[in-house]
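Listed below, chain by chain, are the residues.
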Amino acid sequence: MQHSVSIKDLSLNFGHVKVLESLNLEVAQGEFIVLLGPSGCGKSTLLNCIAGLLDVSDGQIFIGGRNVTWEEPKDRGIGMVFQSYALYPQMTVERNLSFGLRVARMKKDEIDRRVTRAAEILQIGPLLGRKPVELSGGQRQRVAIGRALVRDVDVFLFDEPLSNLDAKLRSDLRVEIKRLHQRLKNTMIYVTHDQIEAMTLADRIAIMKNGVIQQLDDPHTIYNRPVNLFVAGFIGSPSMNFLRGQVSGANFAVDGASIPLNGYKFDNEPNSTIEGVLGVRPEHIAVGEDAKKMPFSIESEIEIVEPMGADTIAWTKIGGQSLTFRAASEVHLVPGQKITIGFDPARGSVFNADSGERV
Amino acid sequence: MAQIAPVGDDVDTRTVAVARAQSQPRRSKKFNYQSVIGTMPMIVAAVGVFVICIIFSIIWSFTNSKLFPNFNFIGWAQYQRLWSTDRWIISVNNIWFFGLLSIVFNMVFGYLLAVFMDQRIKQEDLFRSIFLYPFAMSLVVTGLVWQWMMDPNLGIQSAVRQWGWTNFEFAPLIKNETAIYGLVLGGIWNGVGVTMAILLAGLRGVDAEIWKAAKVDGIPAWRTYLFIVLPMMRGAIITAFILQCTGVVRVFDLVIAMTQGGPGVSTQMPAVYVIQHITDRVNVGQGMAAATMMLLPVMVLIGLQHVLQWRANKARSKAA
Amino acid sequence: MSTQAMATGGPAGALDLSGPRGAKPRRLTIGRIGVYAFLVVAAIFFVLPLWVMIVTSLKTLPEIRQGFLFNWPAELTFDAWLKAWDTACTGRDCNGLKPGFWNSVKITALSVPVSILIAMINGYALSFWKYKGSELLFGVLVFGAFVPYQVVIYPLIIGLRELHLFATLPGIVIVHTIFGMPILTLLFRNFFASLPVELFKAARVDGAGFWGIFFRIMLPMSVPIAIVAVILQVTGIWNDFLFGTVFAGRENMPMTVQLNNIVTTTTGVREYNVNMAATILTAAVPLVVYFISGKWFVRGIAAGAVKG
Numbered sequence: 001m002q003h004s005v006s007i008k009d010l011s012l013n014f015g016h017v018k019v020l021e022s023l024n025l026e027v028a029q030g031e032f033i034v035l036l037g038p039s040g041c042g043k044s045t046l047l048n049c050i051a052g053l054l055d056v057s058d059g060q061i062f063i064g065g066r067n068v069t070w071e072e073p074k075d076r077g078i079g080m081v082f083q084s085y086a087l088y089p090q091m092t093v094e095r096n097l098s099f100g101l102r103v104a105r106m107k108k109d110e111i112d113r114r115v116t117r118a119a120e121i122l123q124i125g126p127l128l129g130r131k132p133v134e135l136s137g138g139q140r141q142r143v144a145i146g147r148a149l150v151r152d153v154d155v156f157l158f159d160e161p162l163s164n165l166d167a168k169l170r171s172d173l174r175v176e177i178k179r180l181h182q183r184l185k186n187t188m189i190y191v192t193h194d195q196i197e198a199m200t201l202a203d204r205i206a207i208m209k210n211g212v213i214q215q216l217d218d219p220h221t222i223y224n225r226p227v228n229l230f231v232a233g234f235i236g237s238p239s240m241n242f243l244r245g246q247v248s249g250a251n252f253a254v255d256g257a258s259i260p261l262n263g264y265k266f267d268n269e270p271n272s273t274i275e276g277v278l279g280v281r282p283e284h285i286a287v288g289e290d291a292k293k294m295p296f297s298i299e300s301e302i303e304i305v306e307p308m309g310a311d312t313i314a315w316t317k318i319g320g321q322s323l324t325f326r327a328a329s330e331v332h333l334v335p336g337q338k339i340t341i342g343f344d345p346a347r348g349s350v351f352n353a354d355s356g357e358r359v
Numbered sequence: 360m361a362q363i364a365p366v367g368d369d370v371d372t373r374t375v376a377v378a379r380a381q382s383q384p385r386r387s388k389k390f391n392y393q394s395v396i397g398t399m400p401m402i403v404a405a406v407g408v409f410v411i412c413i414i415f416s417i418i419w420s421f422t423n424s425k426l427f428p429n430f431n432f433i434g435w436a437q438y439q440r441l442w443s444t445d446r447w448i449i450s451v452n453n454i455w456f457f458g459l460l461s462i463v464f465n466m467v468f469g470y471l472l473a474v475f476m477d478q479r480i481k482q483e484d485l486f487r488s489i490f491l492y493p494f495a496m497s498l499v500v501t502g503l504v505w506q507w508m509m510d511p512n513l514g515i516q517s518a519v520r521q522w523g524w525t526n527f528e529f530a531p532l533i534k535n536e537t538a539i540y541g542l543v544l545g546g547i548w549n550g551v552g553v554t555m556a557i558l559l560a561g562l563r564g565v566d567a568e569i570w571k572a573a574k575v576d577g578i579p580a581w582r583t584y585l586f587i588v589l590p591m592m593r594g595a596i597i598t599a600f601i602l603q604c605t606g607v608v609r610v611f612d613l614v615i616a617m618t619q620g621g622p623g624v625s626t627q628m629p630a631v632y633v634i635q636h637i638t639d640r641v642n643v644g645q646g647m648a649a650a651t652m653m654l655l656p657v658m659v660l661i662g663l664q665h666v667l668q669w670r671a672n673k674a675r676s677k678a679a
Numbered sequence: 680m681s682t683q684a685m686a687t688g689g690p691a692g693a694l695d696l697s698g699p700r701g702a703k704p705r706r707l708t709i710g711r712i713g714v715y716a717f718l719v720v721a722a723i724f725f726v727l728p729l730w731v732m733i734v735t736s737l738k739t740l741p742e743i744r745q746g747f748l749f750n751w752p753a754e755l756t757f758d759a760w761l762k763a764w765d766t767a768c769t770g771r772d773c774n775g776l777k778p779g780f781w782n783s784v785k786i787t788a789l790s791v792p793v794s795i796l797i798a799m800i801n802g803y804a805l806s807f808w809k810y811k812g813s814e815l816l817f818g819v820l821v822f823g824a825f826v827p828y829q830v831v832i833y834p835l836i837i838g839l840r841e842l843h844l845f846a847t848l849p850g851i852v853i854v855h856t857i858f859g860m861p862i863l864t865l866l867f868r869n870f871f872a873s874l875p876v877e878l879f880k881a882a883r884v885d886g887a888g889f890w891g892i893f894f895r896i897m898l899p900m901s902v903p904i905a906i907v908a909v910i911l912q913v914t915g916i917w918n919d920f921l922f923g924t925v926f927a928g929r930e931n932m933p934m935t936v937q938l939n940n941i942v943t944t945t946t947g948v949r950e951y952n953v954n955m956a957a958t959i960l961t962a963a964v965p966l967v968v969y970f971i972s973g974k975w976f977v978r979g980i981a982a983g984a985v986k987g
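Residue numbers (my numbering), protein chains in the order written: chain A, 1 to 359; chain B, 360 to 679; chain C, 680 to 987.
If you are wondering where the hints come from, they were derived from the structure by calculation, not from laboratory data.
Glycine included, every Cβ here is placed at the ideal spot set by N, Cα and C.
All the given hints hold, so there is nothing to weed out.
Pair by pair, the computed Cβ-Cβ distance ranges are: (1) B:Ala580 / A:Lys18: 27 to 35 Å; (2) B:Thr605 / C:Ala963: 20 to 28 Å; (3) B:Leu663 / C:Ala702: 48 to 56 Å.
The following block holds chain A by itself, in its conformation from the complex (with noise of 0.2 Å):
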């Protein structure tokens, strides 16, 4: 089967700098990819090479088995949803959905059928008359996914649409998108630097760094098996604790205590001793008599609670360094109380201190 979109060793530098490196990347055909990471890692300056805003310096783009390189966005097969909407403002909202198509010459019927269609998908069809202004920030979001929609193609570029809304509105569009998705079954790839957004719409994330695709998998194990520790420390809010120690066989010692790496699944098991950091995630601790069931427990004391109304999170210390869990709110914490605490290492993750790889 054909990728819909396939990315052969993009380069992209802007004089001497280096914004995108030997960059590869295979979508397949109907598929959600987002490309998730902070601001200046990439994700927007690859989105662009994508659709042909920007120039690469080396490498090849192509979409639908066809090489797009030197090719115009319009002669793409691309549909593009912006941030700030870029809705042409003084046009109305029928216009602005069949500006592209009049421009190509395309024949009235199939103008109207297709915008039409695209007005019955998005529910924007009692606003076709009205102008931007007229329109709320989510109604403008749907115009400007509809003029995508009307350009009748594979594949759909998000480049952070929900960044300008607030976080209502956000949520509510983020699941209609996730509709729209299941709908049409085209491949979407999507920007953001909003790991909820992520996690709940991809099929795959891309998690960015300083230009380089950092891990390219499934949220599931994006989320429990990171390949290193920027993936670990990005993804998860709030986000994985870490406690440097030493990784021996199946030990992992900290000050003060010796935890048991029994069922972790090691991906490259250490033949000596090395300095190591093991993540563990604050749902996967738990307190009191629970934590006394699991493979690993420990006395601690708690320092601080942060009461989030849906759970509450602790924070404690195991030799020395800091660990927070999570706990329902119903159960009674105060700094100070002593408490037990454990976890399953098997779920959590090891990685090298040095090169932040997983082990």
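Using the hints provided, position chains B and C relative to the given structure of chain A.
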């Protein structure tokens, strides 16, 4: 800034605090005073010049003042005389014609220049310096140079003919029908750089993502410039337009230097008419009548702008 | 260090890797050539008069009479320049442009600081020390910016005559201040309005008053905008003709008025080279200001043109 006096046994502290609190209102009146004094020049200018002088101009237009102003009111006589004078009527026609041509060419040429300058060209700064430097030249200098260049015997016409095109004609200033075009050309040379600078700034203020969206939609660059970006530049366009309108009405310097109103009266302008009548032609009453006529379009435009503003505010409060 | 995608089924349907790769070759398209051609032609249009000015002023009169307007002088001479500066005749006086130059210098040197200082105080007062009617007065001032000078010029003449300021140096300085006020006040008002008001409040709390805050805080802060204002005013006042003709009087006749007199006196032989030399000399000062100030000039136009 009210100070809460510490509940102290020190009577002096409390008295001071009370006094400070009481001195606040006195201080506010004091600052109004200072501000009024500081802006006295503005008050004098605004009231003294822009109100009182205008009123006097209008008043004297109803008199038969010749060399010195008097208050012998003669009703509408000056205006009747004005509108039956060829010289004046030609002036009015000229200013509308000149204004229309200047503004249209300025805006079109200015936008074209702005669009071309927007194409990420090398030496953009060099080009901009070249396009803008004429604005640093006085209109007198502009008029004199172009008058020289349009000289029929020794100017551009003769130079091009000497290169071989023996039928080349370029001496607009010697013929009544074409002199005004020469004026327009000089004015454009002087002012289009500014128009370009304003429109270019407006162009660059347009959201970059609009450009991206147009590219993805497959809209060619020229259509984007004309149908998408231009309508979005309303602020810059209005600014450029207003700047030009004020310039056109003041076209005095250029006319004096370039054509002196001639040949004949073919490039007479209202501004020149007024000055001539209060100086050489010694007819203050006529001059003031002409000056008052010059004021009329300005008042109409300002009135129009206020009406539009009022209606826009009404619509906005209705929508809210 | 890139991660390869998880293998999805069979080999990616044979992608032809031999095709285009890397940066799109930038061919010099017709479009690009057209852009440069247009700009170059436009540049020629703008530079031409300056070229003609220079070239004509360096030629001898006989050579000018042969035509060939655009040619570089066969015999280069600065005589015309000297004559224009020293001995050209305006009416009965034959002292060249010298007196006009110094008059313009005097007028500009006085008018620029006065008009700018007053407008700065206006803008400052309108931003921070509003009083009843201040906005209305400002509105009248802005209205004044659109009023053609001819509408107010005669009463102004009469007024200045009564004050014995007509045809004097102070008189013309006052005139330039008055007519420069609207745009400059607008410029400064917009500038001060863009400053954080906390700055002003903090100074008030510290106990400073109207003049104290102005001289110690606002004035030093407004150097960038003041530079723009200086450029605008120097250019505008030096290049002024109308007010110079009417209000300066014979002793203070500015260079532009002298220039016009020299060129348009039709008595005897028209000395084109002297005329052009005189034109260059008159244009020299603002031109130098323009080329030195560069980007500030553009900023000035943009700032001055922005209507509040």
